[in-house]
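Protein chains: 2
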Amino acid sequence: MTTLHQLTVPYFDKTLQNLERWIDKAHDFATAKKFDANTLLSARLAPDQIPLVGQIQIACDNAKFVCARLAGKQAPSHPDTEKTWDELRARIRAVREYVNGFKPADFEGGETRTISLPWVPGKVLSGSDYVLEFALPNYGFHLVTAYSILRHNGVDLGKIDFIGGLPFRDA
Amino acid sequence: MTTLHQLTVPYFDKTLQNLERWIDKAHDFATAKKFDANTLLSARLAPDQIPLVGQIQIACDNAKFVCARLAGKQAPSHPDTEKTWDELRARIRAVREYVNGFKPADFEGGETRTISLPWVPGKVLSGSDYVLEFALPNYGFHLVTAYSILRHNGVDLGKIDFIGGLPFRDA
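Sequences listed follow chains A and B, in order. The first sequence begins at 222 in the working numbering and counts up by one. The second sequence begins at 222 in the working numbering and counts up by one.
Chain A with its partners taken away, still in its complex shape (with noise of 0.2 Å):
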């Protein structure tokens, strides 16, 4: 059996961890072919899709919502103003740091809590539902969405960044 703190915390610190390390070879590129990295920030795989900096805000405020609903707390404000890269690092350490502030009794009744999105009028989820249903899927994509516009990019990256380290042990 899986707590709910077992399925986020640890999931998304990590997570956020890599894509930290994706920031640095977004850099590494950006020094090797001579262009300003922070214009990476725009770029996006078709005309109607949100850019980059969009995917990576939008999966910060997946982790940090995700973690306040199911504790039933109020989620700090990020009104979505980073412009560079050294602002999304700030932001992504400050989600990684509230994230990591939950300890598993804080989500203690988290699956049968209420959860209501503010863009879902009138309608609820169970705490269970909204981490099974959409939220680990909806901030996966966002995070495989951002990895792949640097990717496509010509950022180095591959499936080794995207899943991070792996707590193995010998056979």
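For the record, the hints were derived by calculation from the structure and aren't laboratory data. Take these hints with a grain of salt, some might be off.
It does not matter which identical chain is meant; a pair holds if it fits inside one copy or across any two.
What the hints assert, rightly or not - Keeping only pairs whose Cα atoms sit at most 30 Å apart, straight-line, the calculated BS3-like set for lysine-lysine is:
#1 Lys380 with Lys344
#2 Lys324 with Lys304
#3 Lys344 with Lys304
#4 Lys324 with Lys294
#5 Lys380 with Lys304
#6 Lys246 with Lys344
#7 Lys246 with Lys294
#8 Lys344 with Lys294
#9 Lys380 with Lys294
These numbers come from a predicted model, not from an experiment.
Given chain A, work out where chain B should sit, using these hints.
For chain B alone, kept in the frame of chain A given last:
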């Protein structure tokens, strides 16, 4: 608390159905633009990336192997010979039928089961670590990448096509 079965089977079942709807939309786009929909299968976002057909084959294999490994069973073989959307659809349906055959009792003890991955000889993961840190993120990775390749090529997909239906109830 969430069981391994709740984390995997309903999620694979739903997202493989979502994937079939993306195939319908790819055909709608090809019909409107008067091209052979199967040409999309070789599309990719970077020259050293696995093409769309491979992204879908890998997603299918992920779903299949997760269930087989957690239950300590041998997964059926799929030799990656698909060249058309019809063949891919048949594979998606076969995998969906396979994963839906697993019952909660099949995964009992799965959290502590020792999982070996053929590409990491001599090392193992616990069933829990395998699911949470590798298998689910990796499945999502290939699913979103398939979506992104279609989106980048102009197929009319939006977030709701990725997430699918949600079990909302009245507030």
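Ascending list of hint numbers which this structure does not respect:
2, 3, 7
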